[in-house]
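Which chain is which? The protein sequence lines are A and B, in order.
Every letter in the first sequence is one number past the one before it in my numbering, and letter 58, counting from 1, is 155.
Every letter in the second sequence is one number past the one before it in my numbering, and letter 66, counting from 1, is 672.
Honestly, the hints are just simulated from the structure, not real lab data.
Since we're looking at a predicted model, the values are computed, not measured.
A portion of the hints provided could be inaccurate.
[Claimed, not checked] Beta-carbon label-pair distances, calculated as ranges:
no.: 1; chain 1: B; residue 1: I768; chain 2: A; residue 2: E124; range: 14 to 22 Å
no.: 2; chain 1: B; residue 1: A758; chain 2: A; residue 2: D175; range: 51 to 59 Å
no.: 3; chain 1: A; residue 1: K116; chain 2: B; residue 2: T685; range: 57 to 65 Å
no.: 4; chain 1: B; residue 1: A716; chain 2: A; residue 2: E119; range: 35 to 43 Å
no.: 5; chain 1: B; residue 1: P615; chain 2: A; residue 2: S121; range: 14 to 22 Å
No residue lacks a Cβ here, since even glycine has one placed at the ideal position from N, Cα and C.
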Amino acid sequence: MGFFEKLFGSRRRGGNGGKPREISCEEALRRVHEFIDGELEDVSTAEVQAHFEQCQRCYPHLRLEQAFREAMRRACADEKAPDGLRDRLEKMLAEAAESG
Amino acid sequence: MGEPRDAKPGFAEEALPHLDAVYRFALRLAGSADEAEDLVQDTFLRAFRSWDQYTQGTKAKSWLFTICRNVFLRRRERTQRHSEIVTETATRAGSGSAQVVSPVWSSVQAVDPEGEFFESIVDERIVDAIEELPEEYRTAVVLSDIEGLPYAEIAELMGVPIGTVKSRLFRGRRRLQEVLYEYAVEMGYVPATTGGKTTG
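Kindly generate the complete structure, drawing on both the sequences and the hints.
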């Protein structure tokens with residue numbers, strides 16, 4: 098990798114004939130959480146996505162992290178506040194409003 | 607009888623829709639339904655009373671989470687029921703954030719490289735594992751992975767830089783993965799490995 102590519106490479110967008118810049122396995126793995134979270138900085142989503150799509154060694158890492166997140170959401174994301182709590186809360190807020 | 611929406615314009619429309627999310631967050635913080643309900647009531651009452659200071663149309667959900675966490679931390683401080691100490695060198699592998707490959711992936715790479723064993727783990731065990739995390743990790747992980755808040759909002763809510771949020775998420779997730787992996791091994795969902803080789 099040349100000097101200018103090292104200097105500017107991580108911020109280049111579409112400077113490679115419209116193709117995403119190629120990133121290393123280490124960089125892709127280091128960015129996997131930010132990629133899943135939609136929080137990438139200094140590197141584009143397309144660049145990281147292209148790496149995971151093309152690299153058979155790195156792809157399972159992405160899938161494992163996604164499987165973990167899916168399990169977390171499945172376990173917790175559908176929990177609802179009990180109806181009794183909702184009723185008590187509305188009553189409590191009505192009383193608070195009355196008392197000023 | 608006065609309705610909340612009359613006394614505090616916008617409260618019912620902006621704050622109450624987040625009741626389920628605040629309840630989930632309170633559950634993960636408190637660990638019991640009774641305490642979580644109490645925490646939620648306290649959170650909404652405080653939010654209701656200080657609604658005038660809230661800028662309507664901004665981040666009501668984050669604001670409620672902030673109040674909920676502050677109430678929880680103050681109660682915990684008062685009662686001294688927990689003495690969690692977050693060690694910044696928490697991972698079992700001991701090599702910290704420099705290690706880009708998940709230790710769990712290293713353990714399962716030969717038998718389940720895509721982590722399908724996570725699908726077999728019952729919800730209760732996942733919830734227990736989250737609640738066993740130190741509060742700083744737990745809050746970051748719940749707000750990001752379950753409630754989907756951006757790093758910047760979590761940082762503001764916890765009063766720490768974004769880099770600290772990333773670090774807590776990284777360590778919290780790693781620790782959770784390790785706990786869930788150990789459970790999966792115990793349950794036979796994935797074979798135990800030593801040094802990358804399957805045992806048994």
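Are any of the numbered hints broken by this structure? If so, which, sorted upward?
2, 4 and 5
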